[in-house]
Structure formats: structure tokens, C-alpha cells
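Student: Sequence:
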Amino acid sequence: MALMDPEGNIRLANEVWNEQDVSPVGLGSPTRNAADRDGRMVVRLYGQPFTEEKSIVYGAGGPWMSPVEPFDPDKDGFYEATPELKLKRLAKAPDRQDDLKLYRDSQGDIYTIHRYSNTLTNWTQNRTKTWTDLELLK
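Using numbering that gives the first Met the number 0, read the sequence shown as starting at 0 and increasing by one per residue.
Worth flagging that the hints you see were computed from the coordinates, not collected in a lab. Quick caveat, the model's predicted, so the values are computed rather than measured. Positions of the beta carbon are idealized from the N, C-alpha and C atoms, including for glycine. A couple of the hints might just be wrong.
[To be verified] Using C-beta positions, here's what the derived DEER-type ranges look like:
no., residue 1, residue 2, range
1, R95, N8, 30 to 40 Å
2, P72, N32, 28 to 38 Å
3, D132, G38, 38 to 48 Å
4, N32, K91, 21 to 31 Å
5, A34, K100, 17 to 27 Å
6, P48, T131, 34 to 44 Å
7, R39, P69, 22 to 32 Å
8, D98, T129, 11 to 21 Å
9, L133, D37, 40 to 50 Å
10, S116, D4, 40 to 50 Å
11, T129, D37, 33 to 43 Å
12, G38, F70, 28 to 38 Å
13, N117, P82, 35 to 45 Å
Let's have the full structure, built from the sequences with the hints guiding it.
Tutor: So, in C-alpha cells, the structure goes:
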């Protein structure tokens with residue numbers, strides 16, 4: 000993710016935060032802009048250090064094993080990012096393997112819907128609600 004200041008200088012957030020992947024939350028939201036009026040936005044960091052080139056780290060099995068990506072579980076989460084690229088941690092994030100779409104409502108809360116378990120999670124407020132199929136049929 001890159002940020003251009005009024006003078007035209009570009010800063011790469013990935014380098015500043017030492018993060019390989021940065022996902023702005025709410026880009027496709029029909030209810031709000033991804034960035035607030037003051038330029039703050041919510042981003043998802045995945046806990047993988049930034050590298051210019053993909054570094055290859057192998058597990059204990061040796062080079063015939065699949066490469067292992069470095070991972071920092073403490074950095075995996077949702078953050079509020081300022082135009083100065085300062086971060087404030089908001090909440091933990093869902094497991095990447097669940098492949099859940101993120102939604103951001105008009106108040107700025109971040110949600111996921113797990114379709115197979117009928118679970119709605121508000122990551123910003125750390126609340127979850129699951130409905131049984133019987134409840135949904137009523």
C-alpha cells in the first residue's frame with residue numbers, strides 16, 4: 000500500500016510497517032469510503048515481514064519440503080492507520096485459511112460472515128453470534 004503526500008512524495012506502507020501484505024478494509028463497501036475524512040483507514044496486516052524478494056525458509060525436513068513463510072502471530076490483525084502511517088491495533092483477525100470476506104459498516108465496525116457455520120463476527124467489538132439452521136428457517 001502506498002501513500003502520496005500533498006508534495007507528491009510516495010511512501011510504501013509495507014516498508015514502514017515491515018509487512019509483506021497490507022489489505023485496506025472496506026474498499027468495496029457500498030456504505031462508506033475506505034478512508035475517513037481525516038485520512039484514517041482500517042487495514043489488515045498478516046504478520047509476514049516485508050521482503051523485496053521472496054525469501055525461502057525451509058522447515059525441519061530440509062529443502063525438499065515446501066517453503067515456510069515467516070509469521071508473527073502478534074502482528075496479524077486489524078489496525079487503524081493514520082495518514083502519517085502510524086498504526087493502532089483494533090482487533091485480532093480471522094484465520095487466513097477460513098477465507099472470509101470482510102465487511103465494514105457505516106460506524107466503522109468490521110464483520111465477517113461464516114456461511115457454513117451461520118456465524119456473524121464483529122471483530123471490532125469482539126462479539127460473535129451463531130444461528131442454527133432451525134432458527135434461520137423461522
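Student: Does each hint hold? Answer for all of them.
Tutor: Hint check:
1. R95 x N8: 30 to 40 Å: holds, 32 Å
2. P72 x N32: 28 to 38 Å: holds, 30 Å
3. D132 x G38: 38 to 48 Å: Once the Cβ atoms are compared, 43 Å apart, the range 38 to 48 Å for G38 and D132 holds.
4. N32 x K91: 21 to 31 Å: Given range 21 to 31 Å: holds, Cβ gap about 25 Å.
5. A34 x K100: 17 to 27 Å: holds, 20 Å
6. P48 x T131: 34 to 44 Å: At roughly 42 Å between Cβ atoms, T131 and P48 fall inside 34 to 44 Å, so the hint holds.
7. R39 x P69: 22 to 32 Å: holds, 28 Å
8. D98 x T129: 11 to 21 Å: Holds, at about 18 Å.
9. L133 x D37: 40 to 50 Å: At 46 Å between Cβs, range holds.
10. S116 x D4: 40 to 50 Å: holds, 44 Å
11. T129 x D37: 33 to 43 Å: For T129 and D37 the Cβ distance comes to about 36 Å; the hint holds.
12. G38 x F70: 28 to 38 Å: Holds, at about 30 Å.
13. N117 x P82: 35 to 45 Å: holds, 39 Å
Against the hints set out earlier in the document, no violation occurs for any number.
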